[in-house]
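There are 2 protein chains.
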Amino acid sequence: MTPVIPEVVINRLPLYARALATLAAAGDTVVSSQTLGEQLDVTPAQIRKDLSYFGRFGKQGRGYNVGDLRDQLRAILGLDRTWSVCVVGIGRLGQAILEYDGFTQQGFNTIAAFDEAPEVAGSTIQGIKVQSMSNLENYLAGETVDIAVVAVPAEQAQAVVDRLVKSGVQAILNYAPISAHVPEGVSIRQIDPVVMMQGMTYYLKDLNPDNK
Amino acid sequence: MTPVIPEVVINRLPLYARALATLAAAGDTVVSSQTLGEQLDVTPAQIRKDLSYFGRFGKQGRGYNVGDLRDQLRAILGLDRTWSVCVVGIGRLGQAILEYDGFTQQGFNTIAAFDEAPEVAGSTIQGIKVQSMSNLENYLAGETVDIAVVAVPAEQAQAVVDRLVKSGVQAILNYAPISAHVPEGVSIRQIDPVVMMQGMTYYLKDLNPDNK
Chain U
1 MTPVIPEVVI NRLPLYARAL ATLAAAGDTV VSSQTLGEQL DVTPAQIRKD LSYFGRFGKQ
61 GRGYNVGDLR DQLRAILGLD RTWSVCVVGI GRLGQAILEY DGFTQQGFNT IAAFDEAPEV
121 AGSTIQGIKV QSMSNLENYL AGETVDIAVV AVPAEQAQAV VDRLVKSGVQ AILNYAPISA
181 HVPEGVSIRQ IDPVVMMQGM TYYLKDLNPD NK
Chain W
213 MTPVIPEVVI NRLPLYARAL ATLAAAGDTV VSSQTLGEQL DVTPAQIRKD LSYFGRFGKQ
273 GRGYNVGDLR DQLRAILGLD RTWSVCVVGI GRLGQAILEY DGFTQQGFNT IAAFDEAPEV
333 AGSTIQGIKV QSMSNLENYL AGETVDIAVV AVPAEQAQAV VDRLVKSGVQ AILNYAPISA
393 HVPEGVSIRQ IDPVVMMQGM TYYLKDLNPD NK
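Quick mapping for you: the protein sequence lines, in order, are chains U and W.
Number 70 in this note's numbering belongs to position 70 of the first sequence; there are no gaps in the numbering.
Quick note: to get this note's numbering, add 212 to the position in the second sequence (first position is 1).
Quick caveat, the hints were computed from the structure, so don't treat them as lab data.
As the structure is a prediction and not an experimental result, all values here were calculated from the model.
It is possible that some hints are incorrect.
Away from chain W, derived, C-beta distances all over 10 angstroms, residues of chain U [stated by the list, open to error]:
hint, residue
1, E7
2, A26
3, D28
4, Q34
5, T43
6, K59
7, G63
8, E116
9, T124
10, D146
11, R189
12, P193
If we take Cβ atoms under 7 angstroms as the criterion, some of the chain W residues that face chain U in the derived model are [stated by the list, open to error]:
hint, residue
13, V220
14, Q258
15, A308
16, P395
Some chain W residues judged to face chain U by a derived CB distance under 8 angstroms, without partners named [claimed, not checked]:
hint, residue
17, L227
18, V242
19, Q246
20, L310
21, G314
22, Q318
23, N321
24, I323
25, A324
26, I340
27, D358
28, I403
29, V406
30, G411
31, Y415
32, K417
From the three backbone atoms N, C-alpha and C, an ideal C-beta is built for every residue, glycine too.
Put together the whole structure using the sequences plus the hints.
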């Protein structure tokens, strides 16, 4: 594998894989970069360029084989196996995350949950016993957790991220509304609906000059 | 305002505004692009370039005035006013969104909620009475909704987005796991934790060659 693939390219691959899975489920066997691009609001040239990092897919003028490309993308991304997940912070959001079945369906299995509140630690949600935060390092020393989901309040998020990283977690999905830091070699993604809304109001403001 | 500012630049501005607000709350009055960049994992050159789209901020070698820059960014993004929000799809996720107080704190006021299930429509959550989906167009004809949050299942999401757009909604935050389409002039952002996880497993796979 070429080592210098831009992260934005990697981040688009799951969208390609998902669109291909939908096409395959609908019985389509061949798709052009044009059609795939229209479904994803990406230009055909972008799709071809993104895929070119990983080898040659499809034949000139014949499009891509839907099932093959889906399988190859899934293998490239490591989606052909399961990954273990822990959730840290079991407030309202953390509970909703534990109850969400979309992760398991896609091979992300939540195996542990942590919360510092004594009234939460010890409870069982979706079959997962919530552990005390004080047990985090001990647990991670004995179990491999591939991805940690952080759903603690903003003030605690960086400290929690630091503890996870120190315990060897290499991928973090952060729901706390801060720009959390990780050392090189650790992946982090931020989910921040407020920031996303704030990126749209700029356009609303321009579109609606009477909205003052 | 220059009309050709890349969307990626606009999307970074809320992060700058938030970091500046945190600095201001801590009593800082001046910040360099270096320090701001370190907090956000953005290069100082990127910050200076992003801000240059909107005029001149800060003085050579003296850094930015924290409060001034925060206020100017908030004005640019339209964060110095409130925006009205409706939530469509009041399942577990939609309920969690209605119960989340982070939107209101940032000026995003949820004024309406919709669900097609008869047992949900009619209930009241956080003071908001959930309306039937059949009332969506009628409601939007009489009330201005700036941003719609879509939290319906994947199969229904595009149809819901279409109805919202047809009723004049110009910004959509989509939690459904599909790449939904909107016409030009309408903003959409996708929140998809599974896709974010899938963009990280690529790196996990490379980092852990024994994880097959």
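Quiz prompt | Enumerated hints in conflict with the structure, sorted upward | solution = 1, 10, 11, 12, 13, 14, 16, 18, 19, 20, 23, 24, 25 and 26
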